[in-house]
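*Asks:* Here's the letter readout for the chains.
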Amino acid sequence: MAALLWLRRNLFNSIVNSIVTVILSAILVWFGYGLLRWAVLDAVWDAPDMRGCHAAGSGACWAFIREKWRFILFGRYPFDAQWRPAIVTAQLIAMTGLSFLPALWRRELIYAWVAAIAVSAALMFGGVLGLDYVPTDLWSGLPLTLILALASMALAFPLAVLLALGRRSDLPVIKLLCTAAIEFMRGVPLISMLYMASLMLPLFLPPDLPVDKTLRALIGITLFLAAYQAEDVRGGLQAVAKGQYEAADALGLGYWLKMRKIILPQAIAVVIPPLVSNLIGNFKNTALVSIISLYDLLQDAALSVIDPKWRGLTAEAYIFVGLIYFVVCYSMSQYSQWLERRLNRSRRR
Amino acid sequence: MVDTNTQTAAALSVPIIEMRHVDKWFGSFHVLRNINLTVRRGEKVVVVGPSGSGKSTVIRCINRLEEHQKGQIIVDGIELTADLKNIDAIRREVGMVFQQFNLFPHLTVLENLTLAPIWVRKVPRKEAEEVAMYYLNRVRIPEQVHKYPGQLSGGQQQRVAIARSLCMKPSIMLFDEPTSALDPEMVKEVLDVMVGLAEEGMTMICVTHEMGFARTVADTMVFMDRGEIVETGAPEAFFSAPQNERTRAFLSQILHH
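Taken in sequence, the protein lines are chains A and B.
Counted the way this note's numbering counts, the first sequence spans residues 1 to 349.
Counted the way this note's numbering counts, the second sequence spans residues 1001 to 1257.
Since the hints were made in silico from the structure, they are not lab data.
Since the model is a prediction, treat every value here as computed from it, not as a measurement.
Every residue gets a Cβ at the ideal spot worked out from N, C-alpha and C, and that includes glycine.
Relax, there's no trap hidden among the hints.
List time: in silico DSSO-like cross-link candidates among lysine-lysine, alpha-carbon distance up to 27 Å:
#  : chain 1 : residue 1 : chain 2 : residue 2
1  : B       : 1169      : A       : 261
2  : A       : 258       : B       : 1085
3  : B       : 1147      : A       : 242
4  : A       : 242       : A       : 175
5  : B       : 1122      : B       : 1169
6  : B       : 1085      : B       : 1122
7  : A       : 261       : B       : 1085
8  : B       : 1147      : B       : 1188
9  : A       : 261       : B       : 1126
10 : A       : 175       : B       : 1085
11 : B       : 1147      : A       : 261
12 : B       : 1169      : A       : 242
13 : B       : 1085      : A       : 242
14 : A       : 261       : B       : 1122
15 : A       : 242       : A       : 258
16 : B       : 1070      : A       : 242
17 : A       : 258       : B       : 1169
18 : B       : 1126      : A       : 258
19 : B       : 1070      : B       : 1085
20 : B       : 1147      : A       : 258
Rough simulated footprint, nothing fancy, chain A against chain B, three-plus residues with beta-carbon under 8 Å:
#  : region
21 : 1091-1100
22 : 1111-1121
Work the whole structure out from these sequences, hints included.
*Replies:* Right, here's the structure in full:
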């Protein structure tokens, strides 16, 4: 009853509106039905190869995903050892989920992360406890994407805070250096950052210090993210009232205590939305590492359709990884909105 | 200032703040001109003057929220220079209360009060909380201890701000127009706290427009205009027989309306 009333008031309250509603509904139904038919009704769930799929139905060939999901998720990682990255992936997702809960923001969470990172490293690299050694060249797919995204997030944020503080420093040299670093890293595309990290970094470093290619990509992504987040944090620093700086000074807190206890907590709370936006962007940006021949989730999806048995099933492959990207990014977005509401509740002015 | 005031008991003790020939500019604007001011331990100084006369700037120079360009400022035997160690040492001894309260909005009242004692003075948490409760009782709002500043009225916030300064056990308190941002009905509760503090012998410098308060607590009145100290004197003489023409003009404006 209430629904009917709502329909009437919002969709059929005039002749023109009624016509628009009918036309748009028809288009939506037509598209929706097309999608439903392709993705579900005419879809093929079981077939030996692409030819079998086409014979069995005209819809999506999900049989391909059933066969290839392990390759798309774990790529070049040795097939028999793929339980290792699977555990790492589950562990990283679980730890990230737990870290979302403010009730668990205690010292123990840091210990748990240290332990989780140690276990992840042992599983991914192997070479201990009778596990075969797997070099980072073979790391691939979802675990690689998650590791790059989480590690760059964890490393970039402290760097961003330092850069932002440096850019507002009273010391001219520090201010100049931080401003130059931020503007340079923001002024180039991530692709060139990655090329630089991959090709130029080894030229600066001593030749007997081989830096792993995956690590070089991580450095590039981290610097790029840090530059953007530094500008977010700087915006937050400017939003904190001058009186807060003065009150902290008047209590004799000193620069670092003032920043850590008074200014940064307020500044960062203000800029959670842009910070999370950048994290979401960063998660998707990790897909660019394919240009320096790393095999992340998206690249594995692209590779999976090269198999002659399954050639041409690009839509299925990209929808599959697209859904994974969407779930991760949408969760981050929802979480940031929830966190903002929560902070506003306890810190009402 | 100095010698005009030797008759009060407070003035007999040692100087705790000395400003000698202090000048300050904001860009090309000469905000402080040849300021000479001596405050002795336990003395209450009330600074009055029209807005823009530099009275806030004077007290903000004492804890280095503003930097002076010429002259000397010596607080409790330490000269204020660019040396950050000296600045922090002086700030620990000098409490300040602002017109806009400037409580930390992301911390509870208790956290506002204990943060500096714990981190700067290295007081154990439990002891810092006891001290905080003691001062919250003194300013008569112990029941607000777990609230956030945003949940308090202006008068309550300002009393918390006073308590926050007192928790650092300062030897000097600076008040920068502490009641100017308050609704009229809340002025008294803040002034009462300040009078109580004065009675206990705290060294105080107050910039205020509350002349009744000035009469009650001041040992010394200072009148400033256009960056200069125009006149200083004990309150009775200052209010009944001001010497300078500018002081007379100011007092007649502020007292007769």
